[in-house]
Each structure stands twice: as C-alpha cells, then as structure tokens.
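2 protein chains.
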Amino acid sequence: MNSRKLSEQINTLGHEARVASRLLAKSSTEAKNQALLNISEALLSKRDMILESNRLDYEAALEKDPNPVNADRLMLNAERLADMADGVRKIVSLNDPIGEEFDETTLENGLSLKKRRVPLGIIGVIYESRPNVTVEIASLCLKTGNATILRGGSEALNSNKALVVCIKDAIRDAGLPSESVQFIESTDRVAVNHMLNMREYIDLLIPRGSESLVRLVAEKATMPAITGGVGVSHTYIDSDADLEKALAIAFNAKVQRPSVCNALDTLLVHSAVASEYLPRLAEMWIQSGVTLHIDERAMNVLGSLQGPSIVAAKDEDWGREYLSLDAAVKVVDSLDDAMFHIETYGSAHSEAIVTESDKAANRFLDEIDAAVVFVNASTRFTDGGEFGFGAEVAISTDKIHARGPMGLKEITSYKWTVVGTGQVRL
Amino acid sequence: MNSRKLSEQINTLGHEARVASRLLAKSSTEAKNQALLNISEALLSKRDMILESNRLDYEAALEKDPNPVNADRLMLNAERLADMADGVRKIVSLNDPIGEEFDETTLENGLSLKKRRVPLGIIGVIYESRPNVTVEIASLCLKTGNATILRGGSEALNSNKALVVCIKDAIRDAGLPSESVQFIESTDRVAVNHMLNMREYIDLLIPRGSESLVRLVAEKATMPAITGGVGVSHTYIDSDADLEKALAIAFNAKVQRPSVCNALDTLLVHSAVASEYLPRLAEMWIQSGVTLHIDERAMNVLGSLQGPSIVAAKDEDWGREYLSLDAAVKVVDSLDDAMFHIETYGSAHSEAIVTESDKAANRFLDEIDAAVVFVNASTRFTDGGEFGFGAEVAISTDKIHARGPMGLKEITSYKWTVVGTGQVRL
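So the sequences go chain by chain: A and B. Residue 1 is where the first sequence starts when you use my numbering, and the numbers rise one by one after that. Residue 1 is where the second sequence starts when you use my numbering, and the numbers rise one by one after that.
Simulated from the structure, these hints should not be mistaken for lab results. Do not rely on the hints blindly, as some may be mistaken.
Derived DEER-like restraints, expressed as beta-carbon distance ranges [stated by the list, open to error]:
id : chain 1 : residue 1 : chain 2 : residue 2 : range
1  : B       : 211       : A       : 197       : 34 to 42 Å
2  : A       : 41        : B       : 259       : 52 to 60 Å
3  : A       : 305       : B       : 107       : 30 to 38 Å
4  : B       : 99        : A       : 106       : 25 to 33 Å
5  : B       : 185       : A       : 219       : 21 to 29 Å
6  : B       : 64        : A       : 366       : 46 to 54 Å
7  : A       : 257       : B       : 200       : 46 to 54 Å
8  : B       : 107       : A       : 300       : 36 to 44 Å
9  : A       : 41        : B       : 316       : 36 to 44 Å
10 : A       : 421       : B       : 63        : 53 to 61 Å
We treat Cβ as the ideally placed atom computed from N, Cα and C, and that holds for glycine.
Could you put together the complete structure from these sequences and hints?
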C-alpha cells in the first residue's frame, strides 16, 4: 500500500475511534462489564480460531530463529488463553473509576467544587509484545471508557488480528461500538510515523518496546506521550543484609523471567559481605545459566570460579538492560556508592535494597528516584497484575501523569465541576 | 550573542538547575517556607529597585502602543507588590505536599505498597505574561521542591530580572541553592527552540501564552509538556435560566477582566428567552464598551439597537478567543444545540450553563468535556487563586497529568515504595 493511502486508512480508523469514544464515555458500567465478559468468553469459545492464527506466527518465528525460547513468548495454548480470560474477568470485578467524584470543596463564596473522573478519550499504544498485551490493553481501556488505536508487532500479527476480531464482536454484542478498539494491521514503519502526528485522534500515545521506539515517540509525538518499558534494574545487597533473603531475592530477580523490564540487570554488593555472599549467589546463578559480567573487585572474590559463565565487565555493562540471563556485578563500599551508581546508570524503573537496617532502607526509599523502590523484595513485583490492577497498559518511567504500572485510574483524567447560585468574580 | 554560545549558556543554567533540584527535593518544609517568606519580604523591602526596573518596561510598552490599557498589564506599583507579597505568604500557609503518602495497600504476600509524593524535578515555563507570574511560578515550584527554568516575555524583561534577583537572594538567605530558579534573559527565539530540546534538563515544559506558542511546544518539545492558556469560553443561557443571574454572570464573565483566558468569548442564548434577555444584556455590555458580534437570529432581536457596538458575526467569530471587549452571540433552540456548538468550537477550558433545571445542569456537567464546567457561575472563577491554590503555574487544557488550574499538587509526581521481608515472585 502506498503511504498516502495508508495514512488515509489510519485516519479513518482514528475518526471512527473518536465517534466511538464519545459513546463509550457515556456508557454504563454494566454495558462495559458485559463487553468484558463477552471478551472473556470469546477467548475460550473461539479458541481454535485463535490458536490456528497463532500457529502461523509461532512457526514463522521458529523459522526465523530456531531457539524455541524466543518463539515461546509468542505461543498461545489452551492454558494461556484460559489465563487471559481470567485476567479479563478480574478487570470486570474492579470498580469502574469513571464518574467518581473526589477532592470536593466549598469555597467561601458558596461555589461547590469537585473533580469528576472521566476517560482520556483515545489511547494509542505501539507495542512489540506478546499477544496477551492486546487483550489486556483493550480490556483496561474499555473498562475506563477509552477508545484505543493499537499497533502491535509484526511477529504477532496473525494472533493479534484474531484476538481483535473476538474483541470487536464481544463489544458489539454488548451494544457498544466495535470501533472502540481499532487495530492497525500495517507493519510498515510509516504507520508508526503517521501515528506520531495524529494529534486529532490520539489523546495519549504509549510506546511499549525497545529503547529506540520509546525515544522516537518521546521526541517526535505531537500529542502527550507516556514512555515506559525500559528497565535497567539494580539490586543492592547492603552490609546489613540478611544474606538468605539476599540470595532468594537476587536469584528471583534475575532468573524467574529474564526477558522482561523488571528483571535484575546489575547487582551491587557491599564489600563487607561480598566474599561471603557472592560465591553462593554465583553458584546458584551459574547453575541456572546466568552469565556474570563482574568488576575487578568481584573478580578478586570469584576468581576461583572463573569459566565461561564469569567474564570481566566492560564499560557498556553498566546501565545495560540485558533482557537475558546476564547480570552485571559490582562491589561497592557504601550505601552512598551504591546510590550514586544507581543514579548514574539506572532508568528510574525498579530499584531494590536488601538490608535489615531501617536507616539504610529509609535512605534508599527517600533518595532513589525511580518509579518503584523496593526494600527486601524482588524487582519482579513491578507489575500491574501483582499490584492488584488486574493488568497493565504499560509501566511508566515518566514522572508526569502516572509512574510505574498503569492500571485503570492511570488511564483516566478528570474535569472540575463548579456549581453555584449566580456567583460572579469581584 | 551567537546561537551556539546562547545554547551553551542555557545548558549551563540547566545543569545548575539539575544540581539544585536534587538538593531542593530533600529540603525541609521549614527551609522552603523560609525562602518563601524571604521572597515575600523582599517584594516590599526592595520595592524601589523593582519599581525602577518596571518603569523601563512600562515606558517602552507605552512608546510601542500608546493605549494605556495594554501597558497597564505590565505596570507594578506599591499596591500590586503588596498583593504579590500576600500571595507568596498564602503559599507558605498551604500544606507541603512533598512526602505525603497515599494509596497504601498490603498485598496478600505481605508486601506493603505506598505512593509517596515527590517533586517533578525541573519545570520549564515559557510565558508572555505580567511580571507577577514570575513570582507565582517560582513560589509554587519552590514549595514543591521543583527547580525552575523560566523564560519570560521581552516586554517584561527588566521587571522579571529585578524580581529574579530578589527571588535568588531570598532562596540563598534561607540556605537553599539560588540556582533553584533560573531565568533565561535572552529574548531571542533561539532560546525557546533550544528549550524544546533540553530533555536532559527539563522534566516538564509548560507554555503559557499565544496559541502559536502552545502549538509549537506541543508539537516540538522532546520532553513531556502540558499546554494551557488558550480559552475559548462559552456561557449558555438556558430556557430555564433565572435571567437576573444570567445577566450578572454573562456581564461579569465578559467585562470584569476581558484580557484573560477565562473571560467569555461566545454567549449562547436559548430562543425561548432571547427576546427578553438579549436586549437587557446588550445594553449593559454596550455601556461597558463591549462590541457584540451577533448571528442573524440575535440580529432579529437586537436589530433596533444597531450601531457601532453591534455587528454581524463572521464565521471566524465562532471559536475565537478575543482577549478584548468583544463577544460573539448566537441564538440556539435547545441544550443539545448549545452543547454541539461548544463541542465544535470550544477549547476545553471553561464552559458555563445558566439554568434552574437540574436536568439541564446535570446533562451539561456530564456531557461537556472541558477542564472546568460551571453551573450558574461566571467562567472567571477558573483560577488557581480562586480555587484556593494560592496561585497557579498555568491552566491546563490538556487531559493528562493535570487539568484546569495547576497549583502545588499538580506540579508533583510520586514514587511507589514497596517494603517486604524477602518476598520473591512465583
């Protein structure tokens, strides 16, 4: 398709979404929940159609890269569809934030002021993720009365198309406009560039994906954007750490799911505990396939373990988001050194300290500037589902509007209502 | 100055602001309030210096445009300085939002989650307003631990420079970094273009001014931006209006201060009350110097008053922000017609209905999508001071982060703190 025709087609999607968003903003909680229940059912009843489409993506991915770990991210099966259906039902059970009134005050002149929660309008999301993200974003937006314009990655195109058919039918069957969820099928880069200029049809644009995509949107989007998804996560093992907790936490943060943004990238260890702690952790990590990229002082401790799983860290290992079974390791002499390293190399996503010292914990909580700051827990908990949001639209590393996992409330706005009896300004 | 040198100079201001913002973020409420009290005192004790600088701006403005109404906006005097000092003391009396904890929950696994309010960092503001805006923005940002990079209009340059000297001294005397408030003295357009690319040194950029400035920032800023200041405000007089209230409200909304964004631009009148209401309002308005730009149906009612103050509306009068003693007037047949007109031509700033019907009032509150929606009150109340915020950084017409007048809370962010006892993700 030539790029002019593609732009026209995307604008048509945008215009339809705008009309739908006005209807959706006024829709009842009941109608929106019915649409969500319909989606949840369709994920089960249309299983064969979805899995058949998904097989095309999975096989294409395997052909491109025979390592099944990567293709596995894309793969759907009956169990994963059932999990997705459960996730949607969880969103049904959450309170509808739209229409909530808050921050009520009465001024001295008798004017009654309230904030009333309203949808944002149309949320555009560009993502390169697993197909379940399509269902999660559509469901959260539907619950909050927002229309969506989605642009998924080419590797999941067939799966996403099948899921979007289910979603649109489910919405229509609930008496709501099926144009509430629009999906851009073109995988042409031109489509992304066009979205950046759709100020008229996208009220908030969210990129979920690579650092280059996030940067492109931050710099070029003509509408408000919230960027997220890039997580350079540190865990600092303090001199006052409980080392058993520290072993469990660092192991979990790196190994439980290495391909995601909240996985551990760099471990910082206080020199007072390094010689006791590091050899034990290194053994656990290496047994699970982790490669350690370690600084000189860690080399002094771990030298005897040297082998293919332990390599000298290069400059570019600090501040690197691995998304793989790799971890950088550095020995530091103080909490201050650890915090300075995090401030220098972190991406303000998820940062953790392991310590039994309240003073150290509180300094870390006070001074580290990140979306989520942890004491004695794995950074893997930075997640909308774990936080009780049912799902997440994205994890914001921006500081405006929303920070961290974005659930329902984070994709709403408010209006002020002011009710008087004829007041005028003096 | 050549543009490379100017860019370097502005980057230096940015770098200094970043260092200051880190100190300011950790400063006590006491220290911040002391700085504000010092500013308030300086506005009185350094009055002569400030007024002398202001005289340069005032005289230059008069020379450019002999109409004293325009120069008057710039003019400072003892009374206006005393008002500004009062405004700063009002900000001292407000609660410091920084450090507040909210949205606390404990997950089933025992993790304790809280949001903690933190500063945004560095707020950049580009404005073309009266010099008191410099003091208001600096004071609100100081109270919330934000550093600021300010770029005021050339017409107020001498006044702003004098005020910034007072502000910096006041901050330093309170033991806080004077680089917390940075002022770009260059009035070169290059300075604005450079700010748009200072992603490293500006966390939120706010344009206050003309529509072209707002558009430039929305489209070209590489960092998050909140746009505001353009208000095309409608007041709709319903068939069920109390006409005495309607006279007072429409008169106030247009005449009390026509040069600002929350002043009435277009009056919509239900046809059932037009012949009783419009002649009375027109007489009051014309006596105060208002020019009415009226549609054909209003002409049928007001034809007998025709003269230089009553002219036929042109297409461009609908949706026009006058900022002057002009008003567009249109007769409509229903609440729906009025809301359709507002949706088509409004700028989502401030919209009002005058009615005694609860049903009409509630439909207007529900369906009009604007920052502030009024029932039976003048749109002039859209104002941080009137809302009890002490002052305002801007009036946001965006839907993300903050909507309407932006006071203290609206220039903060939050971080999640998660405290555990060794939890890992399953």
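So the hint says 25 to 33 Å: do the beta-carbon atoms of residue 99 of chain B and residue 106 of chain A match that? holds, 27 Å
Between residue 107 of chain B and residue 300 of chain A, does the beta-carbon spacing fit 36 to 44 Å? Cβ of residue 107 of chain B to Cβ of residue 300 of chain A: about 39 Å, so the range 36 to 44 Å holds.
Hint says 21 to 29 Å; check whether the CB-CB distance for residue 185 of chain B and residue 219 of chain A agrees. holds, 27 Å
Consistency of beta-carbon spacing, residue 107 of chain B to residue 305 of chain A, with hint 30 to 38 Å: Between residue 305 of chain A and residue 107 of chain B, where Cβ atoms are some 36 Å apart, the hint holds.
Can you let me know if the beta-carbon spacing of residue 421 of chain A and residue 63 of chain B is within 53 to 61 Å? violated, 47 Å
Cβ-Cβ distance between residue 211 of chain B and residue 197 of chain A: within 34 to 42 Å? Hint violated: Cβ distance 18 Å, outside 34 to 42 Å.
Can you let me know if the beta-carbon spacing of residue 257 of chain A and residue 200 of chain B is within 46 to 54 Å? violated, 32 Å
With respect to the beta-carbon atoms only, verify the hint that residue 41 of chain A and residue 259 of chain B lie 52 to 60 Å apart. Taking Cβ atoms as reference, residue 41 of chain A and residue 259 of chain B lie about 58 Å apart, which means the hint holds.
Cβ-Cβ distance between residue 64 of chain B and residue 366 of chain A: within 46 to 54 Å? holds, 51 Å
Does the Cβ distance between residue 41 of chain A and residue 316 of chain B fall inside 36 to 44 Å? At roughly 52 Å between Cβ atoms, residue 316 of chain B and residue 41 of chain A fall outside 36 to 44 Å, so the hint is violated.
Going through the hint list in order, the structure does not satisfy hints 1, 7, 9, 10.
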